[in-house]
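Chain A is fixed; fit chain B onto it per the hints.
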Amino acid sequence: AQSVTQLDSHVSVSEGTPVLLRCNYSSSYSPSLFWYVQHPNKGLQLLLKYTSAATLVKGINGFEAEFKKSETSFHLTKPSAHMSDAAEYFCVVTTGTTYKYIFGTGTRLKVLA
Amino acid sequence: KAGVTQTPRYLIKTRGQQVTLSCSPISGHRSVSWYQQTPGQGLQFLFEYFSETQRNKGNFPGRFSGRQFSNSRSEMNVSTLELGDSALYLCASSLGWGEDEAFFGQGTRLTVV
Chain A
1 AQSVTQLDSH
11 VSVSEGTPVL
21 LRCNYSSSYS
31 PSLFWYVQHP
41 NKGLQLLLKY
51 TSAATLVKGI
61 NGFEAEFKKS
71 ETSFHLTKPS
81 AHMSDAAEYF
91 CVVTTGTTYK
101 YIFGTGTRLK
111 VLA
Chain B
1 KAGVTQTPRY
11 LIKTRGQQVT
21 LSCSPISGHR
31 SVSWYQQTPG
41 QGLQFLFEYF
51 SETQRNKGNF
61 PGRFSGRQFS
71 NSRSEMNVST
81 LELGDSALYL
91 CASSLGWGED
101 EAFFGQGTRL
111 TVV
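Sequence lines, in order, name chains A and B.
Reminder that position 62 of the first sequence reads as 62 in our numbering, one-by-one numbering, no gaps.
Reminder that position 89 of the second sequence reads as 89 in our numbering, one-by-one numbering, no gaps.
Pulled out of the complex, with its shape left as it was, chain B reads as follows:
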């Protein structure tokens, strides 16, 4: 059974650019969540999608957005990149019933220069 797949694994972008990250969940999982991991702030929740609907979002500026497609694949977009957006972005998938365990991808390492 394939795990959670995130692409690309590494990205280098310039300040002011935008970036799109992709996440393919485990087959049969309908929930996809995104987290930002930095040394200073730790792991912070960005947003969660279930059946193409955003059910919750964290305290991030509007430059961070996401969506989910009918096949449960998800993308997140960050516009007008800032140096502080440099982080490991982790995607997690689950069945979506709230208390389920989440399975994480290996992450996308974004570096903004």
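Next up, chain A with everything else stripped away, as it sits in the complex:
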């Protein structure tokens, strides 16, 4: 069985400060992990993915995430927040045989001017 827990439902940061969105996962098999972003009234856009290659994954728009097996975590970070980063972020887990994504409950990121 797989599951994913996003530890914060809301995160507020000031523009120019670092962003940390936390995600813990559970999986019986080697997981693939993703982060997606959803802007208001939009679909989901892929930020980055981990599929058992390098544990530090770089994505679009300056985001990156580190896969830590010992901590079952896949936290999303960005060194400097921009106003355009304000959106909802979803952590996702899947395995190669289930053909479905398990979504976290989402973290709404607010960026203050």
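The reader is advised that the hints may include incorrect statements.
[Unchecked claim] Among chain B residues calculated to face chain A with C-beta under 8 Å, some are:
1. Arg30
2. Ser33
3. Gly42
4. Phe45
5. Glu48
6. Glu52
7. Glu75
8. Ser79
9. Ala102
10. Gly105
11. Gln106
12. Gly107
13. Leu110
Hint data in this document are derived by calculation from the structure and do not stem from the laboratory.
Quick caveat: nothing in here was measured; it's all calculated off a predicted structure.
Yeah, the Cβ is synthetic: ideal placement off N, Cα and C, and Gly gets one too.
Structure of chain B alone, referenced to chain A:
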């Protein structure tokens, strides 16, 4: 390269009616998945199709059904609509090898009155 196209973007239906939503995947993608997004339940997996075969389905009542055509386009149908079916329905396409990233459409916003 065209993205995932969902039609229509918005729908208003009456309780008891049925509705059909359409999804055209990215060219070359053979897998199409459907998800329901609501404020209370978040993003939940409905079903996944690959080469016209359903490989997995979520825990939804039989009123929710889907199919995939030989050109990979997919439709989902909801019969006997209930107020609780009001949601954003998202379609995702991928190559279909389980760990691939999925690309999402902008969704169909269904309102049941």
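Structure-based check of each hint:
1. For Arg30/B, the suggested interface contact is broken, since its CB lies about 12 Å from the closest CB of chain A, more than 8 Å.
2. Taking 8 Å as the C-beta contact cut-off toward chain A, the hint placing Ser33/B at the interface holds, the least distance being around 7 Å.
3. The interface hint given for Gly42/B is met, as the beta carbon of that residue sits about 5 Å from the closest beta carbon of chain A, less than 8 Å.
4. Here the hint on Phe45/B is kept, as its CB sits about 4 Å from the closest CB of chain A, short of 8 Å.
5. The criterion of a C-beta within 8 Å of any C-beta in chain A is met by Glu48/B, whose closest approach is roughly 5 Å, and the hint holds.
6. Using the Cβ-Cβ criterion of 8 Å, the hint placing Glu52/B at the interface with chain A is not satisfied: the shortest such distance is roughly 14 Å.
7. Checking Glu75/B against chain A by beta carbon gives a least distance of about 18 Å; that is not within 8 Å, so the hint is violated.
8. Because the closest C-beta pair between Ser79/B and chain A is about 23 Å apart, greater than 8 Å, the hint is violated.
9. Against a cut-off of 8 Å between C-beta atoms, the interface hint on Ala102/B holds, since the closest Cβ of chain A lies about 7 Å away.
10. With 8 Å as the threshold, the beta carbon of Gly105/B comes within range of chain A, its nearest partner Cβ sitting at about 5 Å, so the hint holds.
11. Hint on Gln106/B holds. Least Cβ distance to chain A is approximately 4 Å, under the 8 Å limit.
12. Proximity of Gly107/B to chain A holds as hinted, the smallest CB-CB distance being about 5 Å (cut-off 8 Å).
13. The criterion of a C-beta within 8 Å of any C-beta in chain A is not met by Leu110/B, whose closest approach is roughly 14 Å, and the hint is violated.
Hints 1, 6, 7, 8, 13, counting from the list given before, are not met by this structure.
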